[in-house]
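Visitor: Chain by chain, the residues run as shown.
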Amino acid sequence: MEASATPVGGGRSVLERSSLSRLPDRVLKWGLISLAVLILALIVYFFIRLIGESGSTFSTFGLSFIFGNDWDVSRNIYHGAPLVVGTLITSGIALVLGVPVAVATALYITELCPRRLRAPLSMLVDLLAAVPSVVYGLWGVFFLAPKLLGAEKWFANTFSFIPWIGGGASTATPTNYFIASLVLAIMILPIVSAISREVLATVPQEHKEAALALGATRWEMIRMAILPYARPGIVGGAMLGLGRALGETIAVVLLIGDAPVIGKHLFSQGYSLAAVIANEFGEATGIHRSALFAAGLVLFVLTLLVNIVARAYVARGTRGHRDAGGTAGAVMVAADEGPIQ
Amino acid sequence: MSALSLPETSARRRRTDKVMRATLLVATLVALIPLLLIIYYLLKEGLGSINANFFTQDPTGSYFGSVGGVRSAILGSLEMVLVATVISVPIGIGVALYLTEYGKDSRFADVVRYFVDVMTGVPSIVFGLFIFITLVLAHVGGNFTAWKASVALALLMLPIIIRSAEVVLLLVPSSLREAALALGAPRWRVISKVVLPTALPGLITGSLLAIARAMGETAPLLFTVAGATGLTFSLSQQMNALPLQIYNDILSPRAAVISQAWAAGLTLVALVLILNLIARAFSRRSRLA
Numbered sequence: 287m288e289a290s291a292t293p294v295g296g297g298r299s300v301l302e303r304s305s306l307s308r309l310p311d312r313v314l315k316w317g318l319i320s321l322a323v324l325i326l327a328l329i330v331y332f333f334i335r336l337i338g339e340s341g342s343t344f345s346t347f348g349l350s351f352i353f354g355n356d357w358d359v360s361r362n363i364y365h366g367a368p369l370v371v372g373t374l375i376t377s378g379i380a381l382v383l384g385v386p387v388a389v390a391t392a393l394y395i396t397e398l399c400p401r402r403l404r405a406p407l408s409m410l411v412d413l414l415a416a417v418p419s420v421v422y423g424l425w426g427v428f429f430l431a432p433k434l435l436g437a438e439k440w441f442a443n444t445f446s447f448i449p450w451i452g453g454g455a456s457t458a459t460p461t462n463y464f465i466a467s468l469v470l471a472i473m474i475l476p477i478v479s480a481i482s483r484e485v486l487a488t489v490p491q492e493h494k495e496a497a498l499a500l501g502a503t504r505w506e507m508i509r510m511a512i513l514p515y516a517r518p519g520i521v522g523g524a525m526l527g528l529g530r531a532l533g534e535t536i537a538v539v540l541l542i543g544d545a546p547v548i549g550k551h552l553f554s555q556g557y558s559l560a561a562v563i564a565n566e567f568g569e570a571t572g573i574h575r576s577a578l579f580a581a582g583l584v585l586f587v588l589t590l591l592v593n594i595v596a597r598a599y600v601a602r603g604t605r606g607h608r609d610a611g612g613t614a615g616a617v618m619v620a621a622d623e624g625p626i627q
Numbered sequence: 002m003s004a005l006s007l008p009e010t011s012a013r014r015r016r017t018d019k020v021m022r023a024t025l026l027v028a029t030l031v032a033l034i035p036l037l038l039i040i041y042y043l044l045k046e047g048l049g050s051i052n053a054n055f056f057t058q059d060p061t062g063s064y065f066g067s068v069g070g071v072r073s074a075i076l077g078s079l080e081m082v083l084v085a086t087v088i089s090v091p092i093g094i095g096v097a098l099y100l101t102e103y104g105k106d107s108r109f110a111d112v113v114r115y116f117v118d119v120m121t122g123v124p125s126i127v128f129g130l131f132i133f134i135t136l137v138l139a140h141v142g143g144n145f146t147a148w149k150a151s152v153a154l155a156l157l158m159l160p161i162i163i164r165s166a167e168v169v170l171l172l173v174p175s176s177l178r179e180a181a182l183a184l185g186a187p188r189w190r191v192i193s194k195v196v197l198p199t200a201l202p203g204l205i206t207g208s209l210l211a212i213a214r215a216m217g218e219t220a221p222l223l224f225t226v227a228g229a230t231g232l233t234f235s236l237s238q239q240m241n242a243l244p245l246q247i248y249n250d251i252l253s254p255r256a257a258v259i260s261q262a263w264a265a266g267l268t269l270v271a272l273v274l275i276l277n278l279i280a281r282a283f284s285r286r287s288r289l290a
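Chain order of the listed sequences is P and H.
Anchor point for the first sequence: position 129 equals 415 in our numbering, and the numbering is continuous, going up by one each time.
Anchor point for the second sequence: position 170 equals 171 in our numbering, and the numbering is continuous, going up by one each time.
It is worth saying that the hints were derived from the structure and are not from the lab.
A hint or two may mislead.
Some chain P residues well away from chain H (every beta-carbon gap over 10 Å; in silico) [what the hints assert, rightly or not]: (1) Arg-361; (2) Ala-367; (3) Arg-402; (4) Trp-440; (5) Pro-449; (6) Thr-459; (7) Lys-494; (8) Ala-496; (9) His-551.
FRET-style restraints, in silico, Cβ to Cβ [unchecked claim]: (10) Asn-443(P) to Thr-24(H): 24 to 34 Å; (11) Leu-309(P) to Gly-231(H): 48 to 58 Å; (12) Arg-15(H) to Arg-404(P): 19 to 29 Å.
The beta carbon of each residue, even a glycine, is placed where N, CA and C say it ideally should be.
Just need the whole structure built from these sequences, with the hints factored in.
Guide: Written as structure tokens, this is what we have:
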């Protein structure tokens with residue numbers, strides 16, 4: 287936006303500023319650009335250092351660090367399959383438990399509930415995101431885990447014919463895969479619900495009205511007009527929830543039981559990538575420490591992949607009548623942050 | 002329906018509709034149960050341990066006698082988060098300004114946006130590891146220190162601040178910018194006198210949400226400041242923090258320590274909620290959006 291008026295002597299406009307007075311502008315522009323470059327460089331640098339620090343683990347154990355099932359600190363053997371499996375199982379169950387409830391909540395709030403209740407209900411669900419994970423851990427350890435132990439035993443007994451559930455009744459402990467997954471499900475609920483609400487809000491009013499005009503009931507309208515339209519965005523939201531669940535540390539370390547084995551059933555103790563780092567970090571040295579860095583690297587790459595896919599989905603989902611993917615990212619950041627929309 | 006009577010919706014379809022609507026309502030109620038239970042138990046177990054000592058004494062960490070209070074944890078949390086804010090807010094708003102005022106739709110700006118989005122999804126424990134590797138292992142200015150925790154928290158806050166600031170800055174009407182430019186104001190004055198003041202409430206909202214998030218983080222603190230029980234304000238020492246104190250208290254076998262953990266949890270949730278409420282108030286005041 288340079289001022290361009292009739293040029294006078296020397297090809298400079300009378301309105302054009304001297305190069306000296308434009309200096310602050312240049313400084314600001316390049317200062318801001320270098321800030322942005324700095325952020326990118328930092329992330330790349332961190333990533334390279336993390337790979338460097340976990341290098342000795344991968345050169346010692348190779349791929350069995352991920353696929354081998356033997357994590358034994360006393361023998362200095364670090365085959366991390368129990369951690370990877372624990373992380374995937376707990377996050378997977380958390381999705382199965384949390385996403386349907388989150389989407390149902392979003393549907394109820396955007397489509398069914400009285401207009402007056404919309405804002406307060408959204409706020410209440412978002413409040414779940416404001417609870418720090420250590421408080422979830424506290425509540426899980428001293429309230430949820432002991433309270434649910436009886437129900438878990440009953441469930442394992444009654445449905446003992448289902449593989450991975452049966453046989454666990456006698457050995458069920460207060461901390462196990464299930465309880466960690468349940469708390470994770472509660473923790474991802476507000477994120478998935480908030481993103482789903484955003485996505486549902488982009489469904490064109492005409493689609494809904496058209497469905498109703500054709501004689502659809504409310505539910506048929508939701509099933510046939512809203513859900514197909516919003517599906518990519520909801521899938522993306524669920525995957526962002528998955529990303530959150532994979533990396534959750536404190537609540538899981540307190541609830542998963544911290545046993546470095548692959549649990550035989552739903553109610554047995556296990557371990558997760560994030561939990562092992564937090565728990566064993568204090569006394570780790572040498573190859574042990576490097577193995578924990580390697581666990582961190584695996585976790586980082588895993589969450590990175592999930593997030594990249596999720597963002598692609600959400601960007602597709604909210605592109606509807608909003609301007610470009612820029613808003614989608616912001617929507618997700620805002621959704622991550624809880625009580626404000 | 003006189004002239005043109007429509008066929009009635011069949012009973013089966015109406016039943017399905019009713020059942021599904023009820024299911025959605027029930028799911029919403031189910032979603033609210035954990036929140037109520039958490040708040041109820043925080044109040045029930047925590048209120049009893051909150052007294053004058055709770056705010057004026059430091060945790061003793063001993064197995065016998067008084068458990069003390071959590072003064073050092075509250076003040077430590079506040080100090081570390083404050084320093085993290087001082088680091089991350091200017092950088093975050095700066096990057097957002099680059100994105101909205103200069104970068105716009107350029108290739109590089111898109112790369113920055115993408116990285117920032119991806120950063121949001123990085124688990125906080127990984128940020129802790131980053132700082133541990135680059136600052137703690139390398140013994141930059143001591144081992145475990147409070148300022149390193151602040152840096153880790155700042156990293157965590159950055160993507161939140163950048164993205165929320167970008168949204169708010171984009172909402173500043175371009176007619177305002179154009180008017181100022183047409184009056185002959187240089188770009189830096191347009192930004193400092195027009196864009197930033199207009200966007201201020203929104204910028205504050207985003208920053209406060211980032212602060213609230215950083216307040217409750219435990220994992221990055223484990224690797225950077227490692228905790229302490231005594232009170233210190235020195236950023237180059239180990240420092241206590243509320244989430245760390247709660248985490249350590251949970252692992253304690255003493256009942257008194259555990260009720261202290263509930264009280265500390267109640268305090269932490271209250272702090273985070275207050276920050277959220279203030280952020281909400283600012284976002285209401287905003288003339289944009």
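Visitor: If a hint holds in the structure, say so; if it does not, say that too.
Guide: Hint check results:
Non-interface status of Arg-361(P) relative to chain H is upheld: no Cβ of that chain comes within 10 Å, the nearest being about 24 Å off. With a least beta-carbon separation of about 20 Å from chain H, Ala-367(P) lies farther than 10 Å from that chain, consistent with its non-interface assignment. Arg-402(P), annotated as away from the interface, keeps every beta carbon of chain H farther than 10 Å; the closest lies near 15 Å. Separation of Trp-440(P) from chain H is adequate, the least Cβ-Cβ distance of about 20 Å exceeding the 10 Å criterion.
With a cut of 10 Å on Cβ distances, Pro-449(P) stays outside the contact zone with chain H, its closest approach being about 27 Å. Residue-level check passed: Thr-459(P) sits 17 Å from the nearest beta carbon of chain H, beyond 10 Å. With 10 Å as the threshold on Cβ separation, the claim that Lys-494(P) sits away from chain H holds: the shortest Cβ distance comes to roughly 15 Å. For Ala-496(P), the non-interface assignment is confirmed: its Cβ lies about 16 Å from the closest Cβ of chain H, beyond the 10 Å cut-off.
With a closest Cβ-Cβ approach of about 25 Å to chain H, His-551(P) is found to remain outside the 10 Å limit, as its non-interface label requires. Distance hint for Asn-443(P) and Thr-24(H): a CB-CB separation of about 28 Å, consistent with the stated range 24 to 34 Å. Range check, Leu-309(P) to Gly-231(H): about 50 Å between beta-carbon atoms, so the 48 to 58 Å window is met. Checked against the hint of 19 to 29 Å, the C-beta distance between Arg-15(H) and Arg-404(P) comes to roughly 25 Å, which is consistent with it.
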